[in-house]
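Colleague: One-letter residues, chain by chain:
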Amino acid sequence: MKFQKIISALFLTITFSMLTHAQLQLNGAGATFPAVIYSKWFDEYKNATGVQFNYQAIGSGGGIRQISEGTVDFGATDGPMTDQQLADAKSKQGTDVLHIPTVMGAVVVCYNVPGISKGLNLSGEVLADIFLGKIIYWNDSKIKKDNPKLNLPNKAIVVTHRSDGSGTSFIFTDYLTKVSKNWESKVGKGTSVNWPVGLGGKGNDGVAGLVKQTEGSIGYVELAYAVKNKILYANMKNKAGNFVEATFQSVSSAAEGAAKNMPADLRVSITDAAGKDSYPISGFTWLLVYKNMKDESKAKAMVNFLKWSMGKGQSFATDLYYAPLPKAVVKMCEKNINSITANGKKIK
Amino acid sequence: MDNPEIDINKENPKSKKNSLSILWARLFKKLFSSHNLGDFIFERLTLLFAVLVFLLVILMGYEMYVGSKISIDKFGWSFLTNSVWDPVQEIYGALPIIYGTIVSSFLALVISVPLSIGIAIFLSEVSPDWLEKPLSFLVELLAGIPSVVYGLWGIFVLVPWIRNDVEPFLSEHLGFLPFFRGAPYGFGMLAAVLILAIMVLPIISSISRDILKSVPQSQREAALALGATRWQSTKIVLKDAKSGILGATMLGLGRAVGETMAVTMVIGNRAVISPSLFDPSYTMASVIANEFTEATSEMYLSALIQLALVLFVLTIIINAFAKLLVWSMERKLGTR
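For the record, the sequence lines run as chains E and D.
So the mapping is simple: our numbering equals the position in the first sequence, first residue as 1, plus 791.
So the mapping is simple: our numbering equals the position in the second sequence, first residue as 1, plus 1024.
Isolated chain D (complex conformation) (with noise of 0.2 Å):
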């Protein structure tokens, strides 16, 4: 049937171009007829979307590196070892700050975690219905307080009872450890861990209740049939949620990492490595908020958009290192 059309097109002199009008008119056929047009559009569109987040990733750290690149050819890894920060003699080490923000957002987390989980067994497993319902509006509503009142309530309130109560509690009882010396002013790393607790503990807390919740009702009602009690049933479906629980204190930790407002409110902003929870520390986060505006040299702005960098990958890190758990955890469970 075709043949015709070739013959002309051998005799035509502009076959070239006529060969490729049939080309095209193929591919647009064979674009088009096997698939639904609406499906093909709905495809490439969410491909779009899809690569645009990734192309997004790419350009934030690309531009970091760029805007940091100054401060990287100077400073090079002592970047991230030396511990002096010193915008007047223009040299940049971010160990301490580097230092603050895991340790604060770990401590938080060591703090947050198993409150969390155990409302988050409260709510799904034990409460009543009518409690249930006015219990996860309440948590969540936490997760919606602006930082910058948690940070208020946290020189008003928290850190007069930090310095007044706990801090005097803890160098008399438990003074030996190196963790709790030093004189009480109430701001200080501990303020700073006990916020990061509060504002982190609504978002795994709702997502674990969520995520129990997900467990089939089925495994909870076998598990009663064989005889199990509460407390192990329960056991049976944190196992099935494990993952999910992992990845909720991941997403915790990230809200606590990149924190910003709260924190420089009650940490005391002093770049300094110290074992006691009562000396004042830094996260990456206030130190660019705080210093960013009134960064007059470029060397200056270059290291505080390092910082940024170094904010962005760790962030990255954490992620992927969650990622890698849950899909370690998930493998055991398959071949179990």
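Isolated chain E, as found in the complex (with noise of 0.2 Å):
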């Protein structure tokens, strides 16, 4: 009996303050890449200021149906909006959807060549041949070429790639038509595609657990779980002919690099970017949100969590294993957010 009594009294308390805190609460959904950085952001936002948001991580797939539909106050997503999609959210919601890139992921390509432990440098238009099936053997000329100093064996090379739908997908075959035009006609981009070789795993373990265990295999995943899981992957070369790791300085000067061209809305991708130091496989991710919301306290919570993510948030993204925007970048988005308005009314 006492024991109920204690209950009861905690679960009124509980809700007795869930009343008294009711606060303003924003819905979103979306892409599950950046989903750590975003509950880290929003847990951060509301301790320091009180608003509460909520992130569902459903795919890109859904925050885009579901920010076109407006079940929610704002979306996610690994790839951009099409122009079909953006005029479709528009005749139905009134407004127009803004891309706010937010941080930057990259891809990196693994590998389990028996007899090499690093350094294995690989070009876009070799592992476009790889990945359609035309290199074969690891000891192929031309991955000898870019490697003169490894002892490549005579060893059938294994691909593998993503099952599921995913971003990382979307940035891998993003670069490979750029680099390929094979590759571009033959399969093209998107967040899964017709692959023309390998074996299919589900999810970035799914891909490093059959990279690990199949010898000869090349396959690819979000470098931060390469750099968190300390799994071995290739250097890329880039645009400039250079052979680079990936680290977070090497994406952040790719995104750079493609900043000078950045078209206004945001919707760019960065792979094979410009620049020496640039990690060709590489993209952003963006919050999808309404250029005009219908509620103001609403609008205001919204404009004021974008600035704070551009600002402080920046700070969170090395730790969580993402790359942080440049500069520059950073001053296109504040660009965009601050035309963000409430029934048409400018945000102070």
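Worth double-checking, as some hints may not be accurate.
[As the list claims (entries may be wrong)] Restricting the straight-line Cα-Cα distance to at most 25 Å, the calculated cross-link-like pairs of lysine-lysine (BS3-like) are: (1) E:Lys881 <-> D:Lys1356; (2) E:Lys933 <-> E:Lys972; (3) D:Lys1157 <-> E:Lys883.
[Stated by the list, open to error] Each pair of labels, with its calculated beta carbon distance range: (4) D:Pro1152 <-> E:Lys1003: 26 to 34 Å; (5) D:Leu1166 <-> E:Asp1110: 22 to 30 Å; (6) D:Thr1105 <-> E:Ala839: 52 to 60 Å; (7) D:Glu1322 <-> E:Asn845: 23 to 31 Å; (8) E:Lys1103 <-> D:Leu1166: 46 to 54 Å; (9) E:Gly910 <-> D:Val1181: 47 to 55 Å; (10) D:Gln1256 <-> E:Gly924: 20 to 28 Å; (11) E:Glu1036 <-> D:Val1172: 43 to 51 Å; (12) E:Thr862 <-> D:Leu1166: 39 to 47 Å; (13) D:Ile1169 <-> E:Asp1110: 57 to 65 Å; (14) E:Lys837 <-> D:Val1172: 42 to 50 Å; (15) E:Asn845 <-> D:Leu1076: 32 to 40 Å; (16) D:Met1323 <-> E:Asn845: 45 to 53 Å.
Just so you know, these hints were derived from the structure itself, not from any lab.
Since this is a predicted model, take the numbers as computed values, not measurements.
We put the beta carbon where it would ideally sit given N, CA and C, even for glycine.
Both chains are given apart, each in its own frame, so use the hints to dock them into the complex.
Modeller: Below you can see the structure in the form of structure tokens.
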């Protein structure tokens, strides 16, 4: 009996405190890749300001669908919305959807070749040929050309890729599309594509598991995942012709290289970016927000949060294995954030 | 006795309304006087539940049809016969995926049905009491293991074993057959078949055991009294339990067809039709689970829903087929 009383008293206090603290709450849904930093941001921001953000990591596709249907206050995606999708969303919601880059990620090429413990160099064309099934042995002359010092074995290459639709696959295939005409015409880019060869693994851990277990295999995972799990990955040849290791700096410099020709709506791919230190397989992840919001207090909270994420928020990035946005990009983001309105009026 | 009432009604200008109320009263009486009220409520309530299930199935089918309308209109029957699944070009043909689903489930049954029936016979006919209880408990425990655990076990234990021992052995000794050719990756159809076989084993064996146990003891006693050996009496019991065991097998097939997580973790996830069991394959449930979250275009989503519709229809066909088999078997037994 006594126990029951205590429980009910506890329950009452909790409900009561929830009622008194009824605060502003914004709901969002979308990409899984940035979910870790978003939940950190939302947590920090709630402690600082009391504004609560709910985020459901249901995938980029879901994020785009939900913001188009107007069931959320913001969405998130790893691949930008197409013109068609933007037009659909506008006709349904009566306002534009803005893309705000938040952080960057990179995709690394991991491999498991007996006798090679570091320093594999790969160029984009060779990588595309491997994933097209044209280069099938590790000691192919094209691979040897970039790796004169390595003793590559006469072993068949086992290609592995993501089986689930993902932003990682989008960035990876976007890169291959840019560097190989063959890849562009035969496969193309997307969150899921029709892979010409190889085994599919579910998630980063699925691909990493395949690569770890299978001798002679090659695959791709997120940089964050590879760093956390100490996975071996290749140096990639960038547009300037240098072989670059994926690091947070080389990813950020890829964005810097791309910032010069960035379109105003910030929907841009930064794979195969210019610049001598740029890592070529990297990409933004975006928050999707309405340009004009109907609820003024929500609009104000959204704008304040976005500004916070561009400033203090960026400092959390590297600890969580994301690359922060370079200054030039932050400036462009802030310009777009300032264009958000509530019922047509500017937000102070 | 009713006459005065009718007379009054005739004089009443509002007779229509009155006679209606009398009709209601009679209807009410008819509904409740002959039956007990509790019986009535019980009857209707259970009817409602039964109809609800029916409606639910119809509604699911309808919703999937509506959701996949765009894809059905564009691809029609070629969705079932085309073997290219390309989200970039927006060409969707599900043949290799349907093939992978049916073949993996069917081969899993080929392995697990004889094993399960053996287990069931041992548990119900042969095993001493002290062994039966813990053994059946273990079998049922297998059914309760989450499929993602099977998948992880598949990745870390089953697949390396297949790659290092099973596939080299098969290709060395049976390599002349097209089923056992190709590079031994470990991941592929063979791994999926074995995982599925293990997963459906407890379902088929525990239901079969219950069915064998439900065969009257007098059958066994009669057989033994006539001088039958234990094997001969078991054969008689099996004959009686045949339709039930078939039903259990179909339940197992249902689980195999719909299994998602464990399969996608070991099957290699490539939509190709290949005779070799070493090659990767794909199943409908895995494709839906893998690609649904990131499906951004209408057509892509619609094609995935159409895949779900195909899976739904396939399950209905399997169940209908099972019912038909059980029914025809029972009829044969009845006329004998």
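Colleague: Confirm or reject the claim that leucine 1166 of chain D and aspartate 1110 of chain E have a C-beta distance inside 22 to 30 Å.
Modeller: 43 Å, violated
Colleague: Quick check on a hinted range of 45 to 53 Å for methionine 1323 of chain D and asparagine 845 of chain E, using CB atoms only.
Modeller: 30 Å, violated
Colleague: Taking 25 Å as the top limit, are the C-alpha atoms of lysine 1157 of chain D and lysine 883 of chain E close enough?
Modeller: Given that 25 Å is the threshold and the Cα spacing comes to 62 Å, the pair is violated.
Colleague: Return holds or violated for the Cβ distance of lysine 837 of chain E and valine 1172 of chain D against the range 42 to 50 Å.
Modeller: 32 Å, violated
Colleague: Okay, glycine 910 of chain E versus valine 1181 of chain D on CB: inside 47 to 55 Å?
Modeller: Because 33 Å falls outside the window, the suggested range is violated.
Colleague: Are the Cα positions of lysine 933 of chain E and lysine 972 of chain E separated by 25 Å at most?
Modeller: Within the cut-off at roughly 17 Å; holds.
Colleague: Taking the beta carbons of glutamate 1322 of chain D and asparagine 845 of chain E, is their distance inside 23 to 31 Å?
Modeller: 27 Å, holds
Colleague: Just to be sure I understand the hint, the distance between the Cβ atoms of lysine 1103 of chain E and leucine 1166 of chain D should be within 46 to 54 Å; is that true here?
Modeller: Holds, at about 52 Å.
Colleague: Could you say whether the range 32 to 40 Å given as a hint is met by the Cβ separation of asparagine 845 of chain E and leucine 1076 of chain D?
Modeller: 33 Å, holds
Colleague: Has the hinted range 57 to 65 Å been met by the Cβ atoms of isoleucine 1169 of chain D and aspartate 1110 of chain E?
Modeller: Cβ of isoleucine 1169 of chain D to Cβ of aspartate 1110 of chain E: about 37 Å, so the range 57 to 65 Å is violated.
Colleague: Lysine 881 of chain E and lysine 1356 of chain D: Cα distance at most 25 Å?
Modeller: 65 Å, violated
Colleague: Could you check the hint for me, namely that proline 1152 of chain D and lysine 1003 of chain E are 26 to 34 Å apart, CB to CB?
Modeller: Given about 46 Å between the Cβ atoms, the range is violated.
In this structure, the hints that do not hold are numbers 1, 3, 4, 5, 9, 10, 11, 13, 14, 16, in rising order.
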